[in-house]
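Given only the sequences and the hints, what does the whole structure look like? Please build it.
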Amino acid sequence: MKLNLFIVSFLIFFTAKSQNWTGEIDSTSDILLKNRYVEIEASQAMYDMYNMNFDRAERQFRYLKKQYGWHPLPDFLIGLSYWWRLMPHGDMETKWDGLFLAYMDSSQRKAEILYEEGNKIEGAFFLAATYGFQGRLYGERSQYLKASLAGKNALNYLELCNGQEDFSPELLLGKGLFNYYAEWIPENYPLLKPLMAFFPDGDKKEGILQLKETARNAFYARTESQYYLLRILYEEENNLSEALELSKYLYDLYPNNSYFQNYYARILYRRGKFNQSIALFDSILTRVEQKQMGYEYSTARYATYFLGNIYKIRGDLNESKDFFQRSIQYAELSNATDKGYYYYSWLHLGELAQIQGQWDQAMGYYKKVRKLTKNSHLANQSAKTKIQEINDAQKKSLNK
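Here my numbering is used: position 385 in the sequence shown is 1406, and no number is missing along the way.
Within a straight-line C-alpha distance of at most 27 Å, the following computed DSSO-like cross-link-like pairs (lysine-lysine) qualify: (1) 1233 x 1196; (2) 1388 x 1342; (3) 1388 x 1405.
No wet-lab data here; the hints were simulated from the structure. Because the structure is a prediction, the values reported are computed rather than measured.
Here it is in structure tokens:
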């Protein structure tokens, strides 16, 4: 998994512990994180947001804002809905950045007032949360200084919560992410080991258990915990069995979430369940063509790439070629021509042409890959090897 700075920001974000809480919270509590009435009011909107029905979700969040306009929660949830609008695009779309940042800023201002007026537990939580999400966005946008500053601000507020426990299961998300990545980062990026010396030791197993607990017991952080748990299980732990189970659960729960559908289809592909994978990828492409919310060109470039691979494995070379060509087109439409899927689509086209004996065409594709990538890139090295194979085959043919 690419290490961009939002992971480090989150690592900084979540060094603090949860807070002690011994009091009973009733439905009129000003601590909205513990207010069951607010949870009931927000539950459908939270579902709509993760199911990518953003307009309906935002209407309900705005209703909450009318009732609790003094509190950082409504603005935070509206900002989170803009974050999920951005999710299917990755780093290729910025049109909602301004609104996302504006609502997080507004939530921060209200959290500061909350904190200053004595509700330090909840105020610090929302300050850390908003700075953490801003750090994620800045990391995605390669604005690493801003991401670092956001992470530092998050740390400052969460340090105020040190030594506290049992305030809310929402806070376990942070502890879980810290524990996991504090061990994972030095294992995978040795150059960052000196940085990690300033942090407590991590524990990947404990981190995963904490994320699972948050996924079971939290309300506002539940789906975010499941999202991170899915990424960790699939991309870092290669635990395809649990990742498949979780991705199926998320897709069944949120059938209109392109991000979860894409993950589920990719994991089915990895498990060799090609028929199920094809059905899901075909569904994604249909939704892209219908311009369904959340189903963007970027989503289609993944689907067409994996379909190209499946048909290549099955020996249907013409169908495979068509999907790799479409993946290239979708990459160009989504301004993703500097991504691995784009490079490897060209490489696959070369391999297909080579298999079919179309050596001149294959050479053209391989040269395209070498032009697009640096010499150190694996796709470049593969293309170089393939070019040599064709040159050797042509020499051998001439010598006969």
